[in-house]
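J.: Note that the protein sequences, when read in sequence, are chains A and E.
Read in our numbering, the first sequence has 105 at position 105, and its numbers run on one by one without any break.
Positions in the second sequence are counted from 1; adding 307 to them yields our numbering.
Incorrect hints may have been included.
If you want the footprint, here are the derived chain A segments under chain E, 3+ residues with CB under 8 Å [as the list claims (entries may be wrong)]:
(1) 19–29
(2) 92–98
(3) 113–124
(4) 140–146
A few chain E residues facing chain A, derived, Cβ under 7 Å [claimed, not checked]:
(5) 435
(6) 438
(7) 439
(8) 448
(9) 452
What the hints contain is simulated information worked out from the structure, not anything from laboratory work.
Note that this is a predicted model, so its numbers are computed, not measured.
Think of the CB as a built atom: it goes at the ideal place given N, C-alpha and C, for glycine as much as any other residue.
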Amino acid sequence: MPSEAGPATGETVADHVLEFPGGYTRTTGPVIGRFLTELRDARIVGVRTAGGRVLVPPLEHDPDTGEEVTGEFTEVGPAGTVESWAWVQAPLPGHPLDRPFAWALIRLDGADTALVHAVDAGDARAMRPGLRVRPRWRAERSGHITDIEGFVPEVTRIVSPVRADYRLRPGRALARFLEGVADGVFLGCRCGSCGKVYVPYRLSCPECGVPITEEVRLPDTGTVTTFAINNLPDPRAPEVPFVSAYIQLDGADIPMIALVGGVPAHEVRQGMRVRAVWVPPEERVPAPHSMQNIRWFAPTGEPDAEL
Amino acid sequence: MREVAVVAFAQTRHSAVDEGLSEPELLLPVIEEVRRRSGLRTFGFTCSGSCDYLAGAPFSFVSALDALGAWPPISESHVEMDAAWALYEAWVRLQHGDVDSALVYGFGKPSQAVDPYRLMTLQLDPYYLAPLGLDQISYAALAASARGADRAELDEVVRRSRAAGRANPYALDLPDPEGEEAVVAPLRPYDIAPPADGAAAVVLAAGDLARRVCERPAWITGIAHRIDPHYLGMRDLARPASAAEAARAAGVGKGGVDVAELHVQFSHEEPVLREALALPPATEVNPSGGPLAANPVMATGLIRIGEAARRITDGTAGRTVGHAAGGPCLQHNLVAVMEG
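Let the hints inform the model, and build the full structure from the sequences given.
T.: Pasting the structure below:
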């Protein structure tokens, strides 16, 4: 055995490998041999005991009684149910998969015992007792337990893309409002009956049910009345999370919905004073896309308003 | 049944690292110590337990005889198992009645294996389990998962075992458990008995010889071992039937149990074994720290019997249980009951 002096410690240390060159040749016997032969053909079989149980993988003797099994083989699975599992986050050399996976006891359909194998579930959170799995077969099979690369969860969900295309016109009231925004102005209206000021501009009062004729120009400052922190991406928002808020423009009686930016989401609060942030004049677009001209509302730095 | 007792026990100060001693060099002091304690220089029978795969060489156990002085030829045997099973063989041998004493020893140097847990893959069946590369931590994690062990319960097992180990001069000094990262979930690093290099020896003596060489012999009033099917999917990993059956056959339940030393290689195995052996709630489990405080592989099980016997011989307990396990997921279980 070759030895070498360890340079760091000066100790005498030798690397040593115990290996049978080429591996042992083992006969399988008729029972295990049948199982492995069927595996090569991408089938899984169990063997029936005298008591009627189906052992998978097959053994030559019933572990309960020691009796010889019957010699009756029956196809099981290929699907099965996970009974318990252990999650391997860092696979070792020699493990069936080189990415995180689960060891599992899998009760194949039609079997009375559980098979030990790997489950390629991607994430530990995908594992649960009762999980239904199926084998993923190796393309080149030789009659070996690893002819099954691993088991994979059954299909229980799909992703459905949903998309429809439209051409929208804003209607007269909204068209008027968007023209105002294109000019850098928020247009609202005052009800001649109740005196309430609405923004965006509208043609009738929702409370009184009467037409509105008086147009009002509102400033681009206001107060956050309520807000939500959104964690799902939205094409109109710059980043996740973003804040959408009800902003009551100064002089209006109802709030309108808009993004709040220029401030960390967790600092946004009810009563916060904000002002619209307009894109530079040379980047502005005309109606009906003029809302793009408002990036978002940003804090003014004034003291909070009483709501 | 012939009366047989543990009359002497010794173990090394187990080490988590290779301290540069060969196996016979590890053994020599413990053999000397049990010879001194028992006053016996020669024995009617000698039996050892070890694993050639730990040494990486076939028949490596033969060289361990160098620690005994086996000339003129002695009556000797070996099991490729934990030395608790060597003790069982010696106990059976003493039942023959023609010899009155036996020396039993076990030893292991897991530090020599680059990965001792992957070494244990070699004990699995070569058709269905070993080709998967199922290592010792992986299959133990499957059993822990089948048991559904409670994290707080496991942490407490480890905390108590390590604290006891710190008070035991032969065990490792390990801190209280901390850290949440799993090796193979649900097992965390501290749930795993730390492999250590070490050895242990026991002297068994029968009848009058035992009374002559030992003030308080630890009489073996029951000893039995049972085995479960090997394949992990053919048995209930959370409830090892063989452990329960061995305990029944050894008569654990025929009296109170002051102390039980259990071969707990993974923290979940303590509640599993406590249940299987039907130990009374008052039983103190692994006061030595158990394997979770030092696991000198192949001597660990014998040390459980030795520690349980020591509590009889030093007069601090009246009835104790030693347990040893072999194979994957507590497949094979041995239980010895000792009384003063």
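J.: Which earlier hints turn out false for this structure, listed by number in ascending order?
T.: Result: no hint breaks.
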